[in-house]
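Q: Residue strings, one per chain:
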Amino acid sequence: MSENYGMLHGLWALTNRELKKWYKEPVILLLSLVQPILWIAIFGKAMNFAKLFTGASLNIPGLNIPKQVIDEIGAIVLKQTFGTTDYFSFLAVGMLSFIVLFTSMSSGMTIVWDRRLGFLNKVLTTPVPRGSIIMSKVFASVVKSLVQSAIILLIGVLLGLTFNFPMLSVEAFAITYLALFLLSIGFSALFLMLALRSTRWETQMAIMNLLNMPLMFSSNSFYPISFMPWWLKPIAEVNPLTYANEVARWALIGVQPTVPVYMSLIYLAVFGVLFSALGIILSWRFLSS
Amino acid sequence: MSGEAIKATGLTKVYPGGVLAVDHVSFTVNEGEVFALLGPNGAGKSTTIGMLTTTLKPTDGTALVGGHDIIREPEKVRRVIGVVLQEYTADEDLTGYDNIMLMASLYGIPKQVAKDRALELLEMVGLSSAKDRKVETYSGGMRRRLELAMGLINRPRILFLDEPTLGLDVQTRAAIWDYIIKLKQEYGMTILVTTHYLEEADMYGDRVAIIDHGKILDIGSPDELKNKVGGDMITLETSGLVDGAQNALKSLNQVRSVELKDGKVIIKVSDGPSAIPSIVSALQGQGITILRLSMSRPTMDEVYISYTGRSLRDESGSSEEAFVMRRTIRRARA
Ligand SMILES: Nc1ncnc2c1ncn2[C@@H]1O[C@H](COP(=O)(O)OP(=O)(O)O)[C@@H](O)[C@H]1O
Ligand SMILES: [Mg+2]
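Which chain is which? The protein sequence lines are A and B, in order.
Following my numbering, the residues of the first sequence are numbered contiguously, the last one being 289.
Following my numbering, the residues of the second sequence are numbered contiguously, the last one being 1334.
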């Protein structure tokens, strides 16, 4: 026979299909960028904490503190809470993991579509390993996530993000993207798993909308964990977004990490591997009924 | 091979929620034949196909497909079958050609081989000129033909076709069947096809299984099934003395029944053409002149009524189901 069936045959073909559908529809790509860009542009610029301490805004009557001193105090306060005096850059880098989360979430939708439109049923009659079906979606989602986050980074730079590399810039980008890569694998596998049996895209949409903001705000994407009420802190400390942000902020803008960078990377790697393995196992069990 | 392409034994499916869709079904499909599962909507045809093609797990029973057990060796089954499902399955965002090539890589067919086959198949189903168009621009008939081509890319030994002509107009249906018959002759495939069109089962099925409420009621060639229902019907008009004619006919051993209706004699025989000569001579022996004689075979519809107690033609199913299917697709895309 001329046919050959490897462990993961069909993986590339299926991944390629997802990507083809994606890059041939640039409108969808652009639309998905709107939200994070708005966050950066509006939130990042409006919440310019540095302004709190500058200009006329801080002028305590009776005390005649020199402006220079206030500025210095401001810088120290900012530095202590955000790890940088530049909130805009802090937030812009936080948006990289947001777009990864968002893109990975929507990969769960694609499996619902495929089921709904009959494509999945057809694929299930072919000798493609069930694991390839889910991993192709994970990989496609990773590629999409990384490309989208690169665009966000570029837009961030255009809007005033300033880098402050603690090492070679190439290394800094490599480490950042490694973290985002692992984050994307984990989230894609997670949301694909949730969608394995679903036939209603409405359900999947609801899950996305339900989890999207809570995941976001229970991480350090917008503000450091030290800002959070006590009950939120433990959630933020298991939220993988937190660790991707830790790594990216350290590598790109020099924010001192709260846990060692290698620990964050290990955490993200475990997250990615664990959920892909779980996804593959569940797809063997639950893709057919 | 034993000459049996498919052997189902006690195949049963209960869906979650308790719907008994397929109820201990057993049948054998011989190699190289076109086997038609004939039954109304909801009879359990698609569910049967789902189990045989390994996408649904049987609740009970099992089947051998191409000599492999569908439960214990689903991967081996998947390698020898081609499947054309009831719903459209092509990716609408890709071209017809890309869809076929995608299927080819899912079957692990080397690229160059796949290319040649894809072009050949597209030619055969008459889609060569549309192959680089996105599938969303295809008409229903074109989509069906593409599905057929996609199901054949791996040169399957056994082809499953679930309502391949559902919702299509008469010409397109005939054209699709032309392809199916051509395929069978060209590749010597075994074909299991489901349909709720009586005339399709009648014309193209080597053997037909009548399925209703998840049970197979009978299996046989269209001729066998018709003979069971009562064989051929001969209608006579004679000059006078019809009572005497009746007695003379009843004594013939080919004759199953004789009835008088509106002054006509209606005779049921198992094989019309061979019975006519003796009928004619028996009547002539009584001095009865035959004015008119006509013969008719029972239709598949009569066969169907005799098994299920209702006519398949009464069911408005076909167009309605197609409509529901399209609406589902449209809603899903909105
Ligand atoms: N996924 C499902 N869940 C529950 N019931 C189902 C499902 N699919 C089909 N059924 C039911 O099983 C029966 C057989 O359906 P099906 O095999 O599609 O019949 P057919 O293909 O002959 O029209 C019907 O009563 C149908 O409603
Ligand atoms: Mg059906």
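Worth flagging that the hints you see were computed from the coordinates, not collected in a lab.
Hints are not guaranteed to be accurate.
[What the hints assert, rightly or not] Under the rule of at most 25 angstroms between Cα atoms (straight-line distance), these lysine to any residue pairs were calculated in the SDA-like manner:
1) A:21 - A:37
2) B:1057 - A:197
3) A:20 - B:1197
4) B:1134 - A:30
5) B:1007 - A:288
6) B:1057 - B:1215
7) B:1111 - A:9
8) B:1215 - B:1197
9) B:1057 - A:282
10) A:24 - B:1057
[Said to hold, decoys possible] Chain B side only, calculated, beta carbon under 7 angstroms to chain A, not exhaustive:
11) 1055
12) 1078
13) 1083
14) 1089
15) 1093
16) 1095
17) 1097
18) 1107
19) 1136
20) 1212
21) 1274
22) 1276
23) 1280
As the structure is a prediction and not an experimental result, all values here were calculated from the model.
Glycine included, each C-beta is placed from N, C-alpha and C at the ideal position.
Q: Per the CB criterion, is residue 1212 of chain B less than 7 angstroms away from chain A?
A: At 24 angstroms from the nearest chain A Cβ, residue 1212 of chain B fails the 7 angstroms test, so the hint is violated.
Q: Quickly compare the C-alpha distance for residue 1134 of chain B and residue 30 of chain A to 25 angstroms and report which way the hint goes.
A: holds, 22 angstroms
Q: Starting from residue 1057 of chain B, check that the Cα of residue 1215 of chain B is at most 25 angstroms away, please.
A: OK: residue 1057 of chain B and residue 1215 of chain B at ~18 angstroms, within 25 angstroms.
Q: Hint validation: residue 1274 of chain B versus chain A, beta carbon distance must be below 7 angstroms. Holds or violated?
A: Interface hint status for residue 1274 of chain B: violated (46 angstroms vs cutoff 7 angstroms).
Q: Is the hinted pair residue 1111 of chain B and residue 9 of chain A satisfied, with a Cα-Cα distance of at most 25 angstroms?
A: Given that 25 angstroms is the threshold and the Cα spacing comes to 13 angstroms, the pair holds.
Q: Just to be careful, I want the Cα atoms of residue 1057 of chain B and residue 282 of chain A compared with a cutoff of 25 angstroms; is the pair within it?
A: holds, 16 angstroms
Q: Given residue 1095 of chain B as an interface hint, is its Cβ closer than 7 angstroms to any Cβ of chain A?
A: At 10 angstroms from the nearest chain A Cβ, residue 1095 of chain B fails the 7 angstroms test, so the hint is violated.
Q: Checking hints one by one. Is residue 1089 of chain B an interface residue toward chain A, by the C-beta closer than 7 angstroms rule?
A: Where the cut-off is 7 angstroms and the nearest Cβ of chain A is about 4 angstroms from residue 1089 of chain B, the hint holds.
Q: Holds or violated: the hint that residue 1083 of chain B contacts chain A, with Cβ atoms closer than 7 angstroms.
A: holds, 4 angstroms
Q: For the pair we were handed, residue 1057 of chain B and residue 197 of chain A, check the Cα-Cα distance against 25 angstroms.
A: Roughly 15 angstroms between the alpha carbons, so the hint for residue 1057 of chain B and residue 197 of chain A holds.
Q: Please check whether residue 1078 of chain B passes as an interface residue: C-beta within 7 angstroms of a C-beta belonging to chain A.
A: holds, 4 angstroms
Q: Could you grab the alpha-carbon distance between residue 1007 of chain B and residue 288 of chain A and see if it respects the 25 angstroms cut-off?
A: With Cα atoms ~22 angstroms apart, residue 1007 of chain B and residue 288 of chain A stay inside 25 angstroms; holds.
Of the numbered hints listed earlier, those contradicted by the structure are 3, 10, 16, 17, 19, 20, 21, 22, 23.
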